[in-house]
Amino acid sequence: MRYLQLVRWKNLVIISITQFSIWLFLIKPLYNSAQIPLQASIATLLGILLSTLFIAAAGYIINDYFDIKTDAINRPNKLLLENTIDRRKAILLHLLLTFIGILIGLIIALQHHNLLLICFQIASSLLLWFYSTRYKQSFLTGNILVAALTSICILLFYWYEPILSLHKNAKLVLFTTALFAFTLTWMRELVKDMEDLKGDTLAGCNTMPIVIGLQKSGNIVQVIGMISVILLALLSILLFKSAHYFFGSYLCISTCLPLLMVITQVNKDATSQHYAQLSSSLKFIMLLGISNLFIYYINY
Numbered sequence: 001m002r003y004l005q006l007v008r009w010k011n012l013v014i015i016s017i018t019q020f021s022i023w024l025f026l027i028k029p030l031y032n033s034a035q036i037p038l039q040a041s042i043a044t045l046l047g048i049l050l051s052t053l054f055i056a057a058a059g060y061i062i063n064d065y066f067d068i069k070t071d072a073i074n075r076p077n078k079l080l081l082e083n084t085i086d087r088r089k090a091i092l093l094h095l096l097l098t099f100i101g102i103l104i105g106l107i108i109a110l111q112h113h114n115l116l117l118i119c120f121q122i123a124s125s126l127l128l129w130f131y132s133t134r135y136k137q138s139f140l141t142g143n144i145l146v147a148a149l150t151s152i153c154i155l156l157f158y159w160y161e162p163i164l165s166l167h168k169n170a171k172l173v174l175f176t177t178a179l180f181a182f183t184l185t186w187m188r189e190l191v192k193d194m195e196d197l198k199g200d201t202l203a204g205c206n207t208m209p210i211v212i213g214l215q216k217s218g219n220i221v222q223v224i225g226m227i228s229v230i231l232l233a234l235l236s237i238l239l240f241k242s243a244h245y246f247f248g249s250y251l252c253i254s255t256c257l258p259l260l261m262v263i264t265q266v267n268k269d270a271t272s273q274h275y276a277q278l279s280s281s282l283k284f285i286m287l288l289g290i291s292n293l294f295i296y297y298i299n300y
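Quick note on numbering: our numbering labels position 110 of the sequence shown as 110, and the sequence is numbered without any gaps.
Restricting the straight-line Cα-Cα distance to at most 27 Å, the calculated cross-link-like pairs of lysine-lysine (BS3-like) are:
1. Lys171 <-> Lys241
2. Lys10 <-> Lys89
3. Lys192 <-> Lys283
4. Lys216 <-> Lys198
5. Lys198 <-> Lys10
6. Lys268 <-> Lys192
7. Lys10 <-> Lys192
8. Lys10 <-> Lys28
9. Lys283 <-> Lys268
10. Lys216 <-> Lys268
11. Lys28 <-> Lys168
12. Lys216 <-> Lys192
13. Lys216 <-> Lys283
14. Lys171 <-> Lys283
15. Lys198 <-> Lys283
16. Lys198 <-> Lys268
17. Lys283 <-> Lys10
18. Lys168 <-> Lys241
19. Lys28 <-> Lys171
The hints are simulated quantities; they were obtained by calculation from the structure and are not laboratory data. Bear in mind the structure is a predicted one, so any value in this text is a computation, not a measurement.
Build the full structure now, drawing on both the sequences and the hints.
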């Protein structure tokens with residue numbers, strides 16, 4: 001169980017649900033309507049899913065490996081490395097999971113006769129390493145990097161499934177989902193930095209809350225959130241104009257309204273508990289955002 005906690009199994013489940021939902025509600029219907037056999041697409045889905053999970057799990061391990069000092073201050077009760085798991089075993093597990101993830105990516109690339117596709121797995125593994133060792137403690141760069149990697153987990157399907165490029169609506173939903181994942185992850189990473197202010201300060205980090213303070217960091221979180229709300233509202237308007245009233249209404253209720261509620265709460269308090277609650281709320285909104293894929297499926 002402690003190894004499952006080390007690789008953040010709950011986050012891995014969310015990744016799995018997201019990628020499977022994209023395939024089930026966006027890609028599979030396109031194959032069905034074109035009357036194309038699904039075998040190749042199912043193999044691609046499994047490859048993308050497994051390679052993503054292995055590389056993400058490896059990323060969580062290396063993050064904890066280099067984050068022991070700050071975690072000992074911020075989350076002493078949740079510290080796994082050194083307390084219950086040997087650091088040497090952790091780094092070996094990281095290397096093994098990374099190797100398996102890249103190997104699966106290579107197999108998929110060979111099946112698609114395009115070795116350039118392996119660049120996604122290799123680049124993701126390297127960026128997760130550099131994030132943990134260098135960029136996590138930096139101003140803004142680490143937050144944007146994690147947000148970009150999250151959106152890439154979604155956009156992967158665009159390059160692996162050429163059928164998406166032939167369907168304007170499906171492509172729009174895919175890129176909107178990726179953009180939503182980017183902004184929500186960026187917000188959540190900033191909130192987590194606000195939560196970890198004490199430990200990060202003692203560890204000599206250079207995160208945004210340390211550099212500009214909690215209040216201004218909270219304002220930036222609110223600006224990013226408002227940009228997300230505006231973009232989603234514009235999409236809802238387009239849906240209403242296209243007579244997709246249920247989908248437009250659901251988008252507003254399931255994502256815009258909860259996100260507005262979180263935005264109003266960002267600077268309400270300045271405690272670790274408050275920021276931890278905001279982080280959990282943003283993760284829940286991400287799940288609500290994924291549910292829009294199902295609403296798209298039943299409407300189209």
